[in-house]
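Asks: Protein chains in written order, with my numbering: chain W, 1 to 273; chain C, 1 to 273.
Among these hints, one or two may not hold up.
Pairs involving identical chains hold if they fit within one copy or between any two copies, as the list cannot separate such chains.
Claimed, not checked - Listed next, the in silico SDA-like pairs over lysine to any residue satisfying Cα-Cα at most 25 Å (straight line): (1) Lys170 / Pro225; (2) Lys170 / Lys245; (3) Lys245 / Gly134; (4) Lys56 / Gly148; (5) Lys245 / Asn5; (6) Lys170 / Ala146; (7) Lys56 / Arg159; (8) Lys56 / Asn5; (9) Lys224 / Met1.
Treat the hints as calculated values from the structure; they're not laboratory data. This one's a predicted model, so the numbers in the text were calculated from it and none came from an experiment.
Protein chains: 2
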Amino acid sequence: MVAGNSRLYAIIGDPIAHVRTPLVFNAYFAAHEIAAVCVPIHIRPEDLAAGMAGLKAIANLDGFIVTAPHKARVAQMVERLGQDGALVGAVNTVRREADGSYSGTMLDGHGFVAGLAGAGHAVRGRSIYIAGAGGAAAALAFALAAAGIRALTVFNRTRERAEDLLARVKAAFPAVEVRFGTRDPRGHDIAVNATPLGLEPGDGFSFDVARAEPPMLVAEVLMKPETTALLRAAAARGCAIHQGKHMLDGQRDLMMAYFGLAPDVGTRSAAAR
Amino acid sequence: MVAGNSRLYAIIGDPIAHVRTPLVFNAYFAAHEIAAVCVPIHIRPEDLAAGMAGLKAIANLDGFIVTAPHKARVAQMVERLGQDGALVGAVNTVRREADGSYSGTMLDGHGFVAGLAGAGHAVRGRSIYIAGAGGAAAALAFALAAAGIRALTVFNRTRERAEDLLARVKAAFPAVEVRFGTRDPRGHDIAVNATPLGLEPGDGFSFDVARAEPPMLVAEVLMKPETTALLRAAAARGCAIHQGKHMLDGQRDLMMAYFGLAPDVGTRSAAAR
Numbered sequence: 001m002v003a004g005n006s007r008l009y010a011i012i013g014d015p016i017a018h019v020r021t022p023l024v025f026n027a028y029f030a031a032h033e034i035a036a037v038c039v040p041i042h043i044r045p046e047d048l049a050a051g052m053a054g055l056k057a058i059a060n061l062d063g064f065i066v067t068a069p070h071k072a073r074v075a076q077m078v079e080r081l082g083q084d085g086a087l088v089g090a091v092n093t094v095r096r097e098a099d100g101s102y103s104g105t106m107l108d109g110h111g112f113v114a115g116l117a118g119a120g121h122a123v124r125g126r127s128i129y130i131a132g133a134g135g136a137a138a139a140l141a142f143a144l145a146a147a148g149i150r151a152l153t154v155f156n157r158t159r160e161r162a163e164d165l166l167a168r169v170k171a172a173f174p175a176v177e178v179r180f181g182t183r184d185p186r187g188h189d190i191a192v193n194a195t196p197l198g199l200e201p202g203d204g205f206s207f208d209v210a211r212a213e214p215p216m217l218v219a220e221v222l223m224k225p226e227t228t229a230l231l232r233a234a235a236a237r238g239c240a241i242h243q244g245k246h247m248l249d250g251q252r253d254l255m256m257a258y259f260g261l262a263p264d265v266g267t268r269s270a271a272a273r
Numbered sequence: 001m002v003a004g005n006s007r008l009y010a011i012i013g014d015p016i017a018h019v020r021t022p023l024v025f026n027a028y029f030a031a032h033e034i035a036a037v038c039v040p041i042h043i044r045p046e047d048l049a050a051g052m053a054g055l056k057a058i059a060n061l062d063g064f065i066v067t068a069p070h071k072a073r074v075a076q077m078v079e080r081l082g083q084d085g086a087l088v089g090a091v092n093t094v095r096r097e098a099d100g101s102y103s104g105t106m107l108d109g110h111g112f113v114a115g116l117a118g119a120g121h122a123v124r125g126r127s128i129y130i131a132g133a134g135g136a137a138a139a140l141a142f143a144l145a146a147a148g149i150r151a152l153t154v155f156n157r158t159r160e161r162a163e164d165l166l167a168r169v170k171a172a173f174p175a176v177e178v179r180f181g182t183r184d185p186r187g188h189d190i191a192v193n194a195t196p197l198g199l200e201p202g203d204g205f206s207f208d209v210a211r212a213e214p215p216m217l218v219a220e221v222l223m224k225p226e227t228t229a230l231l232r233a234a235a236a237r238g239c240a241i242h243q244g245k246h247m248l249d250g251q252r253d254l255m256m257a258y259f260g261l262a263p264d265v266g267t268r269s270a271a272a273r
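Construct the entire structure; sequences and hints are all you get.
Replies: This is the structure we're talking about:
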C-alpha cells in the first residue's frame, strides 16, 4: 500500500500506457517488503526539460527508468554518465545520489544478454545479426560485445548510422568482428529485430525472416505484442524464438542493484537515508 | 495494482512522510475500481517553482493535494483560483483541466465542517472560537462562516493577523459576528486549535484548555497524534472532542468531486479522456 513515507520510482516516456515496468517493479517491492512504489510518468518531448527539473525537485524520488523517446536526451541531462551510457549515448536507468545529483546508465543491452542467458542462450563466441542502428540496437551491440560475442553484423536502411555504430563498437571492443549486413540474416547464430517495426499490425519486417532457418535463434526487443509477427514467422520456419519481454525481465535485477535495492545490498528505506 | 495506464494523483508538501492522503485516496480508488494511484511527493520550499513546472509536464497527473508549507504559494501559481481559494488566499486541491492548465481550490475548511457534521455537530447558528490566524485558521473561518455560524472569535499571538482575518471574514459574510479573543475559550460552542502547536511532544497549548467546560466541543486540525495533548486535556475536563483526522475524511468526497472522480460523476479514466 502506498503511504506518505513511500519512496518513489518512475518510468518516463511518451507514450507511457503500454509500459510493464510499474507492474514488474511493484511486484518486486511487495515481494521484498520495500516501502516504495513505481509509477508511470507521461512526459512529452517538448516538456522533457521542465519534467526533468521537476523530477529533481521531488526529494523522495530515488530513481527512474527512461523509455522512448527520451533515452538519448536524458543522457545529456544527468550529471554523471556511466560507461555503458557513454558508449551507447543513451540511458534507461537514472538514480538520485545522496547530494541530489543524477547518475545514469544504460541497462537495456545487459538486460537483453541476461534474458538470453536466462533462456539458455549463451552469447560468448557467437555471431549476432542486428536489424536497426538506433538506441536499442546500440545498447544491444555494446552489451553483446562486452559479453564476448565473436562477430557482429548490423543492417539498417540508413547505412551511415550502422557504419557509425559498428565503428564505435570496434573501437571499444577490438576483438569483435564487425560488418554491415543485408536484409538476409543467414550465417548468424542469433538474429535480432532492434527496430520499431512490428509495433503496428501493418508493419513489415526489418529483415528477411523468410530466409531464417534453424538453428538460428530469432529475437525481439519489442514487448507488445508479446509474440510479434516476426517471431511468428520465424517460429513457422522452425527457428527458436526469444520475446522482447525477456529484455525487461533480464534487467530488473540489474536496475534494482543500480538503485541499491538488490536483496543482498539491503533497501534504501526512508529510515536508512 | 499500479500499471502503465494508471492515472496519477499526488500530495505535495514538506515534510511528507506523515501524510495520510495516499492511504485514503488509494483505498477510495480500489473501492471504486478507478485505475489511478496517489503518491506522496516531497518538494522543499526552495524547489517549489521547479516542482510545479515539473508536475505540469507530467501528462498523466490529473490533480494533486497541497499541504504545508505550500498552500499559499501554489495559490499564486495556478491559472484559475476558485472562490474558496481566493477568499483564503491558499489552495489545497489542484486539478489539471483538459487544456493542461491548473485550477485550484481550498477544501480544508469545508472538510472540517463536513467532518463536524458527520460526527453529529451542526455548526449553523453556533459560536466558534479559533486559535490561530494562519492558513488553516483562515480556511476554517471562511468555511464556517459560509456554513452559517452566528459568531466567530479568533485568537492569535500576533493580533494583526487575527484582525486581518476577521475583517476579511466580515467583508465576505457580513451576518457573522466577529471579534478578537483571548486565551480563554469560554462562551463558545466549539473551540478549535488551528495552530501547529501539538505536533511536537513539548508544545504548549494554543489556548487555555484548562478553562474549557461542557457542553463546549474541543476540536483539532492536527492529524498526528490522532488525539493531541489538547484533546486529552479537554476530554479530562469532560468536554466532547473532535480529532483532526475528520477534516481529511470529511473532504475526501469533496476532493474526489473536484477531480471528477465522485461515484455519481463517473471516472476520468484514461479511456474517457
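Asks: With reference to the structure, classify each hint as holding or not holding.
Replies: How the hints compare with the structure:
Taking the shortest Cα distances, Lys170 and Pro225 never come within 25 Å of each other, neither inside one copy (33 Å) nor across copies (63 Å). Taking the shortest Cα distances, Lys170 and Lys245 never come within 25 Å of each other, neither inside one copy (28 Å) nor across copies (64 Å). In this assembly of identical chains, Lys245 and Gly134 lie within 25 Å of each other by CA distance solely inside one copy; the values are 19 Å within and 53 Å between copies. With identical chains, the CA atoms of Lys56 and Gly148 are never at most 25 Å apart, being 37 Å at best within one copy and 45 Å at best between copies.
In the homo-oligomer, the alpha carbons of Lys245 and Asn5 lie at most 25 Å apart only across protomers (18 Å), although the nearest pairing inside one protomer, at 31 Å, exceeds that limit. Taking the shortest alpha-carbon separations for Lys170 and Ala146, only the intra-copy value of 11 Å comes in at or below 25 Å, while the best inter-copy value is 74 Å. With identical chains, the CA atoms of Lys56 and Arg159 are never at most 25 Å apart, being 38 Å at best within one copy and 40 Å at best between copies. Taking the closest pair of Cα atoms, Lys56 and Asn5 come within 25 Å of each other both inside a single copy (18 Å) and across two copies (23 Å).
When the C-alpha separation of Lys224 and Met1 is checked against a cutoff of 25 Å, the pair qualifies only between copies, where the shortest distance is 20 Å, while the shortest distance within a copy is 28 Å.
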